[in-house]
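Chemist: The lines below spell out each chain.
Number of protein chains: 2
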Amino acid sequence: MTNSKLNIDRSALEQLLHKRFFLAPSFEIYEGVKGLYDFGPTGTALQLNLISMWRQHFVIEEDMLEVDCSIITPSKVFETSGHVAKFADWMCRDTVSHDFCRADHLVEEVLEARLEGDALARKLAGMAVAGGDDAGAGGAAKPSGKKSKKKGGAAAAAKLDDAVAKEYCNVLAQLDNYDGEALGALITKYEIRNPDTGNEVTAPMPFNLMFDTSIGPTGALKGYLRPETAQGQFMNFSRLLDFNNQKMPFASAMVGRSFRNEISPRMGILRVREFTMAEVEHYVDPENKVHPRFDEIAGLELPLLQASCQLAGSTEPVYMSIGDAVAKGIINNQTLGYFLGRIYLYLMKIGIRTDLLRFRQHMDNEMAHYACDCWDAEIATSHGWIECVGCADRSAYDLSNHAEATKKKLCVQENLPEPIVREMLVCEPNSKVFGPRLRRAAKPVEDYLKALPEDRLAALRDALAKDGRAVVTLADSAADGDHEITADMVTIEKQTITEHVRVYTPNVIEPSFGIGRIMYALIEHSYNVRASDGQRGVFSFNAQVAPFKCLVLPLSNNACFAKPLLDAARRLRAAGVPARIDDAASASIGRRYARNDELGTPFAITVDFQTAKDDTVTLRERDTTNQIRGPQEEIVKLVKDLVDGSTTWGAIVSRYELIDTAALENDA
Amino acid sequence: MTNSKLNIDRSALEQLLHKRFFLAPSFEIYEGVKGLYDFGPTGTALQLNLISMWRQHFVIEEDMLEVDCSIITPSKVFETSGHVAKFADWMCRDTVSHDFCRADHLVEEVLEARLEGDALARKLAGMAVAGGDDAGAGGAAKPSGKKSKKKGGAAAAAKLDDAVAKEYCNVLAQLDNYDGEALGALITKYEIRNPDTGNEVTAPMPFNLMFDTSIGPTGALKGYLRPETAQGQFMNFSRLLDFNNQKMPFASAMVGRSFRNEISPRMGILRVREFTMAEVEHYVDPENKVHPRFDEIAGLELPLLQASCQLAGSTEPVYMSIGDAVAKGIINNQTLGYFLGRIYLYLMKIGIRTDLLRFRQHMDNEMAHYACDCWDAEIATSHGWIECVGCADRSAYDLSNHAEATKKKLCVQENLPEPIVREMLVCEPNSKVFGPRLRRAAKPVEDYLKALPEDRLAALRDALAKDGRAVVTLADSAADGDHEITADMVTIEKQTITEHVRVYTPNVIEPSFGIGRIMYALIEHSYNVRASDGQRGVFSFNAQVAPFKCLVLPLSNNACFAKPLLDAARRLRAAGVPARIDDAASASIGRRYARNDELGTPFAITVDFQTAKDDTVTLRERDTTNQIRGPQEEIVKLVKDLVDGSTTWGAIVSRYELIDTAALENDA
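Residue numbers (the working numbering), protein chains in the order written: chain V, 3 to 670; chain Z, 3 to 670.
Just chain V, with the same shape it has in the complex (with noise of 0.2 Å):
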């Protein structure tokens, strides 16, 4: 797909989400806060069955541990991840309104209109040759957001040069890849200014996306809320190793709330403040990246879009399979390719649509200060491409680094298959002198001096041979500056020397999922308008992913339905399948169909006057609308064997005669 954004009527898919309380903005009644959502028992349902099914692809089928850690996080861990220092956006601010704006996000949408202004104005005057409607800006562009809105209507025709056009859409290509001066650079170049107001805008600045908070009755301890949740499974690290009994490599994962102070929270649910994260931390043995379940996804074929096209202007994904891609140094590595495949596997069960799916490297400046590699799972809305998970290589960064500012160990020790042996030189303080001569500096002279490298330990010893004495020098607290060696303090020779453990730093590949974002896009990808049926909207969900299964209803507000119904309702709750009652007595069977297809429902049991008489009742599939009858018991048994994916819809009716039904759902 060369066109980023999906067609789709937006607004009216809006106003059903709200309509069917998928979700709506927190505190609404209180005039909401911009960047916090509600799910509504439709969207919680949806959330819970896309974790549950997450937690099967990846926890019990990859055999993790997953664990759950704390959202408050005291700062000095921030401090080493980097975080405090790096996680920030680049923010201007209007030099008259002082409203702020993510600096990306400003010229992105300035250059993004301008772009869309060309193309009408192209439009325009080929329309002036051929005649034709005044349609808008038709479905490639932008939907006009509440910006334009404000500003009286969608972007106002103006032709760039070819050459201008052009520019930006390099710019735009490579518009994650800027920081905060190269950005300010851009908009002074462009002459971008705030368009809601018009006015010039100060440069960018640096702004953190951490919430802050103080820990205690003392106000002296600060904490953060947690901007991702793999910190807190670093912290692990030793007991997850412990627990695997020492065994590498292994992985855990957490699923949890995660928080960033976005400056400008847009695009509904895909740029919020609070969010639910499901994320991977897998650690393997930095010298051997390979992963002992590669061939299972090597022929796996993925649109991959490299980041060297990215830096040549390009957005177009290229096919490969995953073993090529690995073979060829595209993917770096094994254990990546691996993740990358089941990312693919995953996304693909839920019901993404495999071709509005791109998986995007990282450019250089864009990187995470902690990741190595990264490529990022892409889903196209109508927002355009749409980062859904991330599978970063964080390399040994966040381990190391914790370790040195812990002072404990984050590391594996590995025993040997064959033990190494070897000659090397060795320096061993003579205990009667070294001491006493050293005094309180002795410990830290002997560590440095265990701690030489070969080759300096040899000049060492060649010194203390020729001269009797030698100086050395530490930068250490408790020892700092020269201290004097003699050559009666110390031996140095040649030992041989059997190690038998092998000690290193893992590194962190990282698949990193957002949920809500991964949510939104499955709505899109699932919604279909029933044209013949007033426009009325449809999610056409998997009946593993769908909030509700079955419903459940009587035809009409009949007494004589009451029983069966409830029989209906509990075989089904007994055989595990969630089941709905709507005996709505005020509604329609149609409308009640719809606004269950409306929840994305797939399937319903109805319970009519023929039940009465030989306990038969029909099943309605939500994407076809096509009934079947059969005996009740029979019935459930279907629907279960549906949900749980051992028959088909297809399969069903070609044993079963279909039933007339177009009375019915024209009754909405």
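Careful: at least some of the hints might be erroneous.
Since the list gives no way to pick one copy over another, a pair counts as held whenever it fits inside one copy or between any two copies.
Distance condition first, Cα-Cα at most 16 Å in a straight line; then the derived EDC-like pairs of lysine to aspartate or glutamate [unchecked claim]:
id	residue 1	residue 2
1	Lys78	Glu30
2	Lys410	Glu33
3	Lys224	Glu264
4	Lys411	Glu30
5	Lys445	Asp482
Bear in mind the hints are in silico, worked out from the structure with no lab data behind them. Every value quoted in this text rests on a predicted model; they were computed, and no experiment measured them.
Place chain Z on chain V using the hints.
Modeler: Just chain Z now, kept in the frame of chain V:
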């Protein structure tokens, strides 16, 4: 149970919980932060199972509307809810060291220590007569905590006057009922000092328990981390009522993290700063609090400890059926009673010992600021009775306050089955004169007149008839003061009014579960020590709750076991039973059984040399350590049935021969 403290070796238990990574202090490598804990793989799985059983028991079986709301909450919400003003604990400060402590905990700790010293003195006096050993304070006493250890051992023996000891007991029985002033009086009266330092403490002052932060880049919008999930649910009341097709009663539910900035956290995960709650808000007609399913639990006998008994110094609950308790007005209404019953059934289902459970009613001063009646499900642990579930009647407190603050309607409109027709006095302004005469005051005066009770309207009518004029006095910012009404301005006469709807603000019954506390209590109730086996710990979790369901292990490191091992694990997983493999070659089979007993894993399948011959495996049950043997496929089916509850170990051993496994078990 008279004695409120469960007699277990808590230090051994805590070691085990850390070793098998149920939980650990958060940020331990950074020396930790008081009141923050991480759950490891064992604790996380246990917690997930408790939540999933909660969801089944409440959300699914009661057809509740589950939501997932924001944690960060703008301050105006908590200003309305009363939390900004009132959600505080009483805090004292050491006058020399300036350490903080919670006033009620200080009183409790000091008086309990004095009572312990008294008990010890009485015991020593007894032993001096009978002769005896120098054992500690015995099972009934509080295990000596950190603080008393700091001071060099257990409480010193010091006999109290009988009257003083009785007074202390009385104070402790109603400790939750004292406010700051009363706690201050106790501290003065009993000369209570900081036991860590011996210093005097300040008078108690309030400390608000909410963590605060600021939202957005300006820093101008103050927010708090929610201390309960309830407010998010109330914010969505109208949407939820719509979602439920305007039907009453109904309930919303939420599982999520909440935060309380405890003054001085203690008792492990029982008093923490961040915790997972599961809350139900059940909306009910205030004039009709019957529950349609009350009959199902009316016969359940619960141990009830009424407020009046506590005020009389008693801590002994009385067993009473819920039906009786509601009939006698001890439990306020059917809906409250119904939920107490459901809470009892849930706790029983997960494995809480019902002999260590009681329902304690709140005393007047103890009640949260929003509650009008409240019962706590308290569970006995080695720390004493712990509140694990609160069940409060919040009346219409929250909905009516939020409605008033936001001017939004948070109420139910109910169609009356029969319209109510009645004669009533109605005041109609004469628009030609009323508006022009009163000008800006017209609207407020009209509203005032329309809201007048009938008797005052009649008085006004009579006054106008008699004098032709009257004065009404408003206290309204828009029309403050006196306004003259003349007879020509209004018509006041009897009209026939037909009311078709009734409008009311629902009351809220709120069962609120502390998942971490329930989990900890369950861990203590499930903890056993296998005396025959070097005092090894065993957690006797039932199969549904157990973090891991089935262990699969080879007898030894022999290569011939690899294939049948994977076969068995794959078969289990395919049958939906999460299986863990323990093939750590370094550990004997007995040691591997033992360490999985420490995880509470109920079943183990062992592959041995017999397996190679006839594809049979053994199945071991954790609590009895008994084993049977059978074909692999059959054993896998048995495990599945055991885990989903369709058979029991007792039923199985009656059909199979037990095999002799003494050699294996003693191999640890």
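Chemist: Against each hint, give a clear statement of whether it holds in the structure.
Modeler: Now the hints, each set against the structure:
no., hint, result
1, Lys78 - Glu30, "between (36 Å within a copy, 12 Å between copies)"
2, Lys410 - Glu33, "between (48 Å within a copy, 11 Å between copies)"
3, Lys224 - Glu264, "between (20 Å within a copy, 15 Å between copies)"
4, Lys411 - Glu30, "between (49 Å within a copy, 13 Å between copies)"
5, Lys445 - Asp482, "within (12 Å within a copy, 85 Å between copies)"
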